[in-house]
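Chemist: Spelled out, the chains give:
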Amino acid sequence: MMNAILGGAIIGIAVSLMLFLNGRVTGISGIVAGIISPKKGDMIWRVFFLTGLILGGFILRIFYAQSFEQISNAKTIDYVIAGLLVGFGTIMSGGCTSGHGVCGISRLSLRSILATVTFIFFGIVSVQVFKLVRGAL
Amino acid sequence: MKNVIALMVGFIFALGLGLGGMTQVQNVRGFLDIFGAFNPALMGVMIGAIGVHSILYFLIMKRAVPLLDAKFHVPTRKDIDKKLLTGAAIFGIGWGWAGICPGPGIVALVSGNINILYFVLSMFVGMQLYKLLESKLIKLGF
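Sequences listed follow chains D and E, in order. Taking my numbering, the leading residue of the first sequence gets 1, the next gets one more, and so forth. Taking my numbering, the leading residue of the second sequence gets 138, the next gets one more, and so forth.
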């Protein structure tokens, strides 16, 4: 639990740096969406951000390999279905766990609070349905 | 310079996700599995992240502008619409189904697990699909 809170605090520092220096909200789905349908002059920083995420992934893989140990009954088709829904839903609602969940709640945005309650509720339902369909998580 | 900052923020963000256990699907789904083997890691991450950022947010926003940009690009909408809640519901179903949201998905691309790659590619398709259908959905009242 201490690692979780510490990891969260590091995320809090990261998104605060982004706001303080670049004036941006660190919403991952929004940053990705701006690459998929780019506007002029608003693209490069997004690519740099994603590159940073992936570089961080490499460092984790080298020094903290356990962070990629996955335990799941999900099949490839489950990952495809989940990806489609996550992509569609995050753009439709204008944010994901980072944009709504961390940044939005921190500034007490009602939209983000309601979005977060909604996606957690449906996440709970989804996990229950998954257990019925695949036997276990 | 702003690009370097973005790279650095992405890098730090990824380390936070990894340390917090958010790149492991079992921790994310464990948090959502409230009737099963509940795992509080995601709650801990949210407490840490919101705890730090909520304080720093209000300190930072005392400034008129950010350090390296002409203005803050922070959402200001306050209306609650069907699009927001329907989108969040769809996202939640996908999130619980695999235990991955956009950030951890991209970080875990280097994990060597091919299913993560399928997830991220499908996520791009899902985003594009929404853009294609957006005008139709608006006509339907979203």
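Please note: incorrect hints may appear among the correct ones.
[As the list claims (entries may be wrong)] Covered stretches of chain E, going by a simulated chain D footprint (3 or more residues, C-beta under 8 Å):
{"no.": "1", "region": "151–158"}
{"no.": "2", "region": "161–171"}
{"no.": "3", "region": "182–190"}
{"no.": "4", "region": "211–222"}
{"no.": "5", "region": "226–240"}
{"no.": "6", "region": "259–269"}
[Unchecked claim] Restraint ranges, calculated between C-beta atoms of paired labels, are given here:
{"no.": "7", "chain 1": "D", "residue 1": "Ala-136", "chain 2": "E", "residue 2": "Ser-272", "range": "23 to 31 Å"}
{"no.": "8", "chain 1": "D", "residue 1": "Met-2", "chain 2": "E", "residue 2": "Lys-276", "range": "45 to 53 Å"}
{"no.": "9", "chain 1": "D", "residue 1": "Ala-136", "chain 2": "E", "residue 2": "Leu-266", "range": "41 to 49 Å"}
{"no.": "10", "chain 1": "E", "residue 1": "Phe-195", "chain 2": "D", "residue 2": "Asn-3", "range": "23 to 31 Å"}
{"no.": "11", "chain 1": "E", "residue 1": "Phe-279", "chain 2": "D", "residue 2": "Asn-3", "range": "15 to 23 Å"}
{"no.": "12", "chain 1": "D", "residue 1": "Leu-108", "chain 2": "E", "residue 2": "Ile-171", "range": "35 to 43 Å"}
{"no.": "13", "chain 1": "E", "residue 1": "Glu-271", "chain 2": "D", "residue 2": "Lys-131", "range": "18 to 26 Å"}
{"no.": "14", "chain 1": "D", "residue 1": "Asn-73", "chain 2": "E", "residue 2": "Asp-218", "range": "47 to 55 Å"}
What the hints contain is simulated information worked out from the structure, not anything from laboratory work. For glycine and all other residues, C-beta sits at the position ideal for the given N, C-alpha and C.
Chemist: Hint by hint, say whether it matches the structure.
Modeler: To see whether the hints hold, each was checked on the structure:
Chain D is given as covering the region 151–158 of chain E, and this holds because 8 residues of the stretch bring a CB closer than 8 Å to a CB of that chain, at least three being needed. Given as covered by chain D, the region 161–171 of chain E passes the check, having 8 residues with a CB less than 8 Å from a CB of that chain where 3 are the minimum. A stretch counts as covered by a chain when three or more of its residues have a beta carbon under 8 Å from one of that chain; for the region 182–190 of chain E and chain D the count is 9, and the coverage holds. Only when three residues or more bring their CB closer than 8 Å to a CB of chain D does the claim for the region 211–222 of chain E stand; here the count is 9, and the claim holds.
With 15 residues having a beta carbon nearer than 8 Å to a beta carbon of chain D, the region 226–240 of chain E meets the requirement of three or more and the stated coverage holds. Remark: the region 259–269 of chain E is confirmed as covered by chain D, as 10 of its residues place a Cβ nearer than 8 Å to a Cβ of that chain, reaching the required three. About 41 Å separates the C-beta atoms of Ala-136 (chain D) and Ser-272 (chain E), a value inconsistent with the hinted range of 23 to 31 Å. In this structure the hint that Met-2 (chain D) and Lys-276 (chain E) lie 45 to 53 Å apart at CB holds, the actual value being about 50 Å.
At roughly 30 Å, the beta-carbon separation of Ala-136 (chain D) and Leu-266 (chain E) lies outside the given 41 to 49 Å, and the hint is violated. Checking the proposed 23 to 31 Å range against Phe-195 (chain E) and Asn-3 (chain D) shows it holds: the Cβ atoms sit about 27 Å from each other. At roughly 40 Å, the beta-carbon separation of Phe-279 (chain E) and Asn-3 (chain D) lies outside the given 15 to 23 Å, and the hint is violated. For the hinted restraint 35 to 43 Å between Leu-108 (chain D) and Ile-171 (chain E), the CB-CB distance of approximately 25 Å leaves it violated.
The hinted range of 18 to 26 Å is not satisfied by Glu-271 (chain E) and Lys-131 (chain D), whose Cβ atoms lie roughly 33 Å apart. A beta carbon spacing of about 36 Å between Asn-73 (chain D) and Asp-218 (chain E) contradicts the range 47 to 55 Å that was offered as a hint.
Of the numbered hints given earlier, the model fails hints 7, 9, 11, 12, 13, 14; all others are met.
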